[in-house]
Amino acid sequence: MLAYIARRAVLAILTMAAISVFAFIIIQLPPGDFVDAYIANLSASGSSVSMEEAKSLRALYGLDQPIYVQYMKWMSRVLVGDFGESMEWHRPVAEVIGDRLWLTIVLSLSALLLTWGIALPIGIYSAVRQYSALDYLFTSISFIGLAVPNFLLALVIMYFSFVLFGANVGGLFSSEFDLAPWSVAKVWDLVKHLPLPAVILALAGTAQLIRIMRANLLDELRKPYVVTARAKGMPEARVIWKYPVRAALNPFASTIAYLFPYLVSGSIIISLVLSLPTVGPLLLKALIAQDMFLAGTIVLLLGVMTVIGTFISDLVLMWVDPRIRFQMD
Amino acid sequence: MTLLEVKGLKKYFPIRKGLLRKVVGHVKAVDDVSFSVKRGETLALVGESGCGKTTVSRCIMRALDPSAGEVNFTLDGRTTDLATLDGKGLKPFRRHLQMVFQDPFSSLNPRMMVGDLIGEPLLINGMSDAAERRKRVRELLDVVQLPVEYMNRFPHAFSGGQRQRIGIARALALNPSLIVADEPVSALDVSVQAQIINLLLDLQDQLGLTYLFVAHDLSVVKHVSDRVAVMYVGQLVEIASTEDLFHRPKHPYTEALLSAVPKPDPRAKTERIILQREVADAANPPSGCAFHPRCAHATDLCKQQRPALVDLGQGHQVRCHHAHELDLKGVGSLA
Amino acid sequence: MSSGSISTPKPTQTAEDRFAVATQWQLTWWRFRKHKLAVASGIIVIAFYVIVVLADFLAYADPHATDSKRSHIPPQDIHFFDNGVFKPYVYGLTQKRDLRTFKLSYQPSLDRKVYLAFYTEGYSYNFLGLFPSNKHLVGLVDARPEDGIFILGTDLVGRDLWSRIMVATRISLTIGLAGVTVSLFLGILLGGMSAVYGGIVDTVIQRVIEILRSMPTIPLWMGLAAALPNSWSVIQVYFAITIIISFLGWTDLARVVRGKFLALRSEDFVTAAELAGASQYRIIFTHMLPSFLSHIIAATSLALPAMIISETSLSFLGLGLRPPAISWGILLQDAQNIETLALAPWLLTAAVPVILVILAFNFLGDGLRDAADPYG
Ligand SMILES: Nc1ncnc2c1ncn2[C@@H]1O[C@H](COP(=O)(O)OP(=O)(O)OP(=O)(O)O)[C@@H](O)[C@H]1O
Ligand code: SF4
Ligand SMILES: [Mg+2]
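Residue numbers (my numbering), protein chains in the order written: chain U, 1 to 329; chain E, 1 to 335; chain W, 1 to 376.
Chain U extracted, bound-state conformation (with noise of 0.2 Å):
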């Protein structure tokens, strides 16, 4: 047990690892360093830097220094809290990414409490009660859900709710609460404007989990152990519940490691189609304008918050489920 926790706990460090490798590169990516674009941005705006300036920057950020250096002083600097500053807004890092970090953690651990609340029920009763209607509804609307990439659903729900109700459904909150302070009345907002994009969020997921759960389920449910549970008289229900259903959630343990990474890239797109105050859009908005430090911090707390969430999901999925560990091990 500990030592399987211990397992999941050194790959996710060495997750997270790759991650702030990957941000760095992202970092250094576009041509000329850091300095280069902040002058260049300065000069923009009027003012100029002259080459002395420039080299004390440098030095400062270690720009003259190798690249492992460097990152190894981003890193430490990283670790406590010091993301640098955005070029484009002139503040730190952190403080104009704020509350969007945790909204896009709120929005996708809603979209996977969704999935699963909806595809296990559905995929259950799909499988008890294959080629019905409403197994056929569900089946239709799970291959509507893969079919669809989430932005188009975005996109498409936005249109006919415009067309239909005259409604702008975008957002997370109602205007008068954009700007306000945290209070009871914003997060009550918050929890009613929350169901759409999080259902268009869980769809695609959903969609996938239905169809691994009724096929796992069909599968059990033909084995004859089940097969002679009937014959006994067993109670229908009794039969389904005991161990099918547990044993078809098995070989699905392994899949939610990598559907909240899933749903954290999906938050990313709609947010820019609904236009939620997430990161997404400010990620965007930091590529395309080369605003690098924004960027790669926001690609780094994104990876690092997906890799914690998917190892607590783990956890939990252990508490559930001991057995689930044997399955991944």
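The hints are simulated quantities; they were obtained by calculation from the structure and are not laboratory data. Treat the hints with caution; some may be incorrect.
Mimicking BS3-like on lysine-lysine, the simulated pairs with C-alpha atoms at most 30 Å apart in a straight line are [unchecked claim]:
1. E:91 x W:260
2. E:22 x E:91
3. W:34 x W:69
4. W:69 x W:87
5. W:36 x U:223
6. E:38 x E:329
7. E:91 x E:222
8. E:10 x E:135
9. E:38 x E:10
10. W:69 x E:88
11. U:223 x W:69
12. W:103 x E:22
13. U:73 x U:55
14. W:103 x W:113
15. W:36 x W:69
16. U:232 x U:242
17. W:260 x U:223
18. W:36 x W:87
Add chains E and W with the ligands to chain U, keeping to what the hints say.
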């Protein structure tokens, strides 16, 4: 004359754990097994599922590399230890040892026609002329009593019994002296089992074959084997002539296996011995006698000391501390 | 396979005989054929790849040509019968400017029929880079300069949507194919190494896969794609995007390859070939590869939609392919905001081929997988 002699054969599968896949232990699938098979005889290797029968067979065939031990094979009066040979050195011996597999559905490549399946060993071993091969394949089909027309068919067109015949024909293609049959009938319907066994017996008569016949229960082997070796968790626990073993078993495990053999006389009142608990884990065998957690006769000695394989005379060997004292039930008569 | 076949197929009569002598490919095909949805999907996929080849021929207007007088023309009806005779025509359009909003609007002028012609000449293009041509499937006869076919309408700058979708299909589907090819290469190489060498190699590759799979892909793609220099040509960007999406996309295929390879390696028939003295070469190419192939084909078909979605998403965000390249994602980018959509909802039709092709590949892949491996 001894054809095959297995000496101190061991096969340990490493158990790896953790991020670095460190070896944390071993599954002792085969742990110091020795026996020999004389030319023309049939030795049966019997034991519950997971006791290491397939592993022994595959080590002999060198489909697996033994961890230790010798596999001495005598060919034209010269004895060679197959366990020491590499792939190239093995090649000339391969044709003399052939295997019949347990699962007739997975042992035939579904993408090859029967003619090609039976002809493959011939092709590989240098019979490159297609007409010659075809002639030999016809003969072989005839030997296993299948119509020659089946040559152009694919395995999916056949029943389990027919496939097993194809597998046997393939094994015979190169005129081997030893055939290792790993549970050749346990995947088949009972009605078909007898046919395949009779075929194997006929072939032995006609071709002077030597068999190592693997089975998981004793009822199958009583018709085919000259001698029986009983395996439990990677070790031999008893080895004797079939007659001896059935009449006078000396190991409680053998007795339990015998009690499961259907009696020729339904009125004969022998209680079936139901073995308690699971078969022991080869990765973590019990202390002392590996059988003690399930043995009705176990004593403290059994828990502490591992019994050695001792010879009781006439080649009857047994691994039990109390072999001399116990009065075990055999089967009344061999039908 | 040149396995030195000595069996010669005989003429067959009964269905049973036909079954008995059918090869695995034939059996797979028969099983696949029963799967109607998969067959239909296969046909759709083929049709899409026909579009890839014939894109310019199927387009009827230069997909790059802008025209401020054709901004946001709605889709136009095509009439197939003229007085009961098959003679397709469209009505000419008259432009009107709304005097309050200054917006242009278009009305069919019912008095002016413009007839369609098939296999006519239109804008010039280079057919697959092989030879110049100006042939198109449809065009207009005796048209005035302001007349045109607008099956799916036009965009803000007056480019014809149908023609753009045709050309976009070429890019989006080939980039998917290129991405899957690179992923397949990586997947077979790394998955194969993992399976063949085992031990530490296997461990390292498996951990790398696990790590890659637990990263949120879109932000990473965005970061990498945004770093492509603006000065790069369409072709350079095309290849860079292919590499970026396959860089994270190979992991699934590697898992399939490894799993299947290990499963096959321990198949009894492979052991049997080994025991018969077969060479490694023969074992791999005669015994393993054919079984392997059908699974790889199915896995590839299932991996393609993800590739297509990735490219479409990136381009939609403005970080993938860039104009003047035309892909489905770029077309959808025009439909990004609600204001534009309210004005020109037909721009969303660019979503139809995306959805269609993803569904088709999924059904096709499912069908292929079931047909290749009926037992699981
Ligand atoms: N490749 C392997 N790696 C690890 N353990 C193995 C391997 N092959 C076999 N074992 C283990 O070795 C033991 C003996 O297996 P083996 O297949 O030889 O048993 P068997 O007697 O043939 O059983 P059955 O009747 O089921 O065929 C089992 O515990 C099995 O789990
Ligand atoms: S040694 Fe003891 S435990 Fe083992 S078989 Fe003999 S009596 Fe039973
Ligand atoms: Mg076995």
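Verification of the supplied hints:
1. E:91 x W:260: Judged against 30 Å, a Cα distance of about 28 Å means the pair holds.
2. E:22 x E:91: Answer violated: residue 22 (chain E) to residue 91 (chain E) is near 34 Å, above 30 Å.
3. W:34 x W:69: Answer violated: residue 34 (chain W) to residue 69 (chain W) is near 52 Å, above 30 Å.
4. W:69 x W:87: holds (28 Å)
5. W:36 x U:223: holds (28 Å)
6. E:38 x E:329: holds (29 Å)
7. E:91 x E:222: violated (34 Å)
8. E:10 x E:135: violated (42 Å)
9. E:38 x E:10: Roughly 21 Å between the alpha carbons, so the hint for residue 38 (chain E) and residue 10 (chain E) holds.
10. W:69 x E:88: Distance ~80 Å between residue 69 (chain W) and residue 88 (chain E) Cα, so the pair is violated.
11. U:223 x W:69: violated (68 Å)
12. W:103 x E:22: With a Cα-Cα distance of about 73 Å, the restraint between residue 103 (chain W) and residue 22 (chain E) is violated, given a limit of 30 Å.
13. U:73 x U:55: holds (18 Å)
14. W:103 x W:113: holds (25 Å)
15. W:36 x W:69: Violated - the C-alpha atoms of residue 69 (chain W) and residue 36 (chain W) are around 47 Å apart, more than 30 Å.
16. U:232 x U:242: holds (14 Å)
17. W:260 x U:223: holds (24 Å)
18. W:36 x W:87: Distance ~35 Å between residue 36 (chain W) and residue 87 (chain W) Cα, so the pair is violated.
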